[in-house]
Amino acid sequence: MARLIKTEAVVEGRTEVRWTLVEEDSTPEWPADQPPGVVGEPTTRLTAGARLSGSARYTSDMQLPRQLEATVLRSPHANARLTSISLDAARAVPGVRAVIGPGDCPQFDGEAVLHDEPPYGGAAVAAIAAETREAADEAMAALDPQWEPLGFVVDLDQSLENQTFQDDPVEYERGDAETALAAAELTITSDYLAPAQLHNSMEPHCAVADWRPDGLTLWSSTQGIYQARSQLCGSFGLDQEHVRVICHFMGGGFGSKFGCGPEGVIAAELSRRAGRPVRLVLSRRDENLSTGYRTPARFSFTIGAGCDGRLQAVEASAVMGLGTGGWAYPVLEPVKSVYACEHQHLMTLPMRLNLGPAAAFRAPGVMEGTWAFEQALDELAEAAGLDPLELRRRNHTDVDPSTGRPYTSKRLLESYDLAAELAGWDARDELRSDGRVRRGMGCASQYWWGGGGPPAYADVRIGSDAKPVLTVGMQDLGTGVTTACAVVLAERLGIRPDQVTVRTGDTDLAGHGPFSGGSMTLASVAPAVRSAGHHVRTQLLELAADMFEIAASDLELTEGEVRSTDGTLRRPIHDVTEKLGNAWVTGSGSRAPNPDGMAVNTFGCQIAQVAVDTLTGLITVERVVAVHDIGRVVNPMGARSQVLGGILQGIGFALSEERVVDPTTGTVVNAGLEDYKIPTLADLPEVECRFVGEPDPELALGIKGLGEPPIIPTPGAIGNAVAHALGLRLREAPYTPRRVLEALQ
Amino acid sequence: MRYDATLKVNGRAYPVAIEPGRNLLSVLRSEVGLTGAKEGCDDSECGACMVLLDGQPVNSCSYLALQADGREIVTIEGLAGEDGDLHPLQQAFLDQGGVQCGFCTPGMLISAKALLDRNPSPDEDEIRLALSGNLCRCTGYSGIVRAVQAVAEQR
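First to last, the sequence lines map onto chains W and R.
Taking the numbering used here, the leading residue of the first sequence gets 1, the next gets one more, and so forth.
Taking the numbering used here, the leading residue of the second sequence gets 1, the next gets one more, and so forth.
What the hints contain is simulated information worked out from the structure, not anything from laboratory work.
This one's a predicted model, so the numbers in the text were calculated from it and none came from an experiment.
What you were told as hints is all true, and nothing was included just to trick you.
Label-pair ranges, simulated between beta-carbon atoms: (1) R:Asp125 / W:Arg432: 24 to 32 Å; (2) R:Glu124 / W:Leu580: 46 to 54 Å; (3) R:Pro20 / W:Ala583: 58 to 66 Å; (4) W:Glu686 / R:Leu64: 36 to 44 Å; (5) R:Pro20 / W:Thr164: 48 to 56 Å; (6) R:Asp125 / W:Arg66: 44 to 52 Å; (7) W:Ala141 / R:Leu64: 17 to 25 Å; (8) R:Leu64 / W:Gly103: 38 to 46 Å; (9) W:Arg91 / R:Ala17: 20 to 28 Å; (10) W:Gly103 / R:Glu124: 55 to 63 Å; (11) R:Asp43 / W:Gly306: 49 to 57 Å.
By construction, the Cβ of each residue, glycine as well, lies at the ideal position given by its N, Cα and C atoms.
Based on the sequences and whatever the hints tell you, model everything.
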């Protein structure tokens, strides 16, 4: 029986209270002493065949009959007023089917999509749909926009001086930090400056809209098909039944692709006007100007501790450059929540700048906050004469320090121990030398949420061919959650994961589901999948009981067979399902809430070893040991791939990735991949990856998420390793050769 | 003004009429209808559009389609066998976890094939260098290196 319940969920640091529809669930838990079949076995990716052969259709590959190509005019100025634009001249270009300017396009989430006063370089001003990209480009040239440049602010300090906030400042206090700091035996102060990191998903933001009299269909490269549907309904005043959002294959998102994006609204409006399908794919440069970034942030810490290294008080501030959008990402969460510390006073100041809107980027706030605070902790360890890992152990907490709630599970201390052993931590000082190439080793802790929760729904059907079809309300942005869902279903039905067909990424297939973000997807959907599978399993066993005249309780589904527990019956499941003819056996499942009053978090520790060439300033990350507690691992192959990918993005943040803004023009100078340097294959270190988490006893199936955790400690561990190697600390990332050489002089 | 040309893609001839400014990638994706090669940057920076031209890997986004007239083009769709069996490199990418979102995968496979065609047993450094023009944002590259090594060892 379905019921509505009120539940609390933490999404990327923000607590949301929502009403959720859940079904009563009678699925038995996996027995603690028995490995659940295929769950936990390495499983190759289900949809990889299509991705490997080139047949996978991504949004940017869509080619509908009579489809038009769209392009967008963007402001070249950091801040400007559009004084004139020749929309009619563009309309007169042969092959052009629709042209829209400021005032012609519905809003997106309450914000203008096409601007008459574009507030940053790259802000959209007009859009064109034409028969070919060439015709659209010709029309673009005909627009002849005239601008009145306006004053701009792209500097954090100037924005702070002007007190122009993009979001409300966040103040957090516990205890009495001022008094405790004054009384502390050890005090250190330190500052760090984090860069703006650009997502650079390999597939740019894109949308294909097909507006018809009976409704709108949007193919979108999105991390949230349901969010995209709601946004489109809001923009165009349509009801849900007349909007369908599809995302079958997606080339990454990393937090930048929640919802339909302005590109979805522009494509839909152009399609509505032209009466034809419209495809809009952003160029790499437009992508890097307008679709988001990890916020740059200036951190200041004052830390007070006892001589034993135990934290007593922290005063901290973080000034974030949000640009023209985004929210106050939890940059000081690592200060607030990772260690025991009674007295804190934290200020987060989200500033407005004339730059594109910020967006969540894999562990938004927490990664850059961890990078800064974990280095400040190493400075404290040095002041206290303590081993950095020992300092972290001494400040361990068994309850969430901001709420006092117990954790559902926490294996951070085990993570320290295993990482130290694998990295050879105790001998780390032997790496150091005075030669040209200097080596060092550093560590950092990892903290994130990732417990998942409702809403999540799944439907399973099985027909005469005994090959189940699983429908899940979600989208796979490339992480492999589809494969993990197949693994979970295969366990219930006693078959192999590759016999499961998984259908996702279509709002017409399933009613609702989670977005892909916050390390929440698998932990949210897997229990719903298992529950749906359990209903089908129960019915199949009852059918088999009727056929073979053995009680259903004496039958099981194993290795593609129906077997009696006494071993006398072994028949293929197909022998049962073939009797169905054209009928299906179906089952549905939903996700129940997590326990109230407990903190659900993932934890871990990474240790990095670096080599710094003091002649060239080049840093090489030689080895990273990554140990994470993520509860039950469903597919070790997918999990390892997540860890490696996160580490590489963390290396990029630490060593090479930085959006550069020209202070004289206020525009971004490195929006292409030639100048904005993401790690290549040549930058790959040796990685040792382990999981210490046993299934979380308080969570459904014991699963916690893994999308965010691996990127979180990597830059901090690298920063600490560089400081260990050089005996001095770089306070601004990325640690480019220029910054290394300047620090050495 | 359009010019007639014949693109020989994966062993089949496709007659096309195209403007001289069109790049090979856009013609492969639009006129020929093979969307396996991807557009990630349109500027030879990411390698997602890579195809083999007379056996050499090229970024097709930055290559004029008319220059490919009459020459042998192999795209990702041409790697698998006639019977649909995966090419050993495709199978190794699958087995070694060298695929995540898959957007870079077509270009990555083309680069890997070009490497193994000219050097059947590359060492790890040679693999890293040969594939460093193909950017991937998901996998962390490790599975890709292992996949190429696995195929090299089979030979």
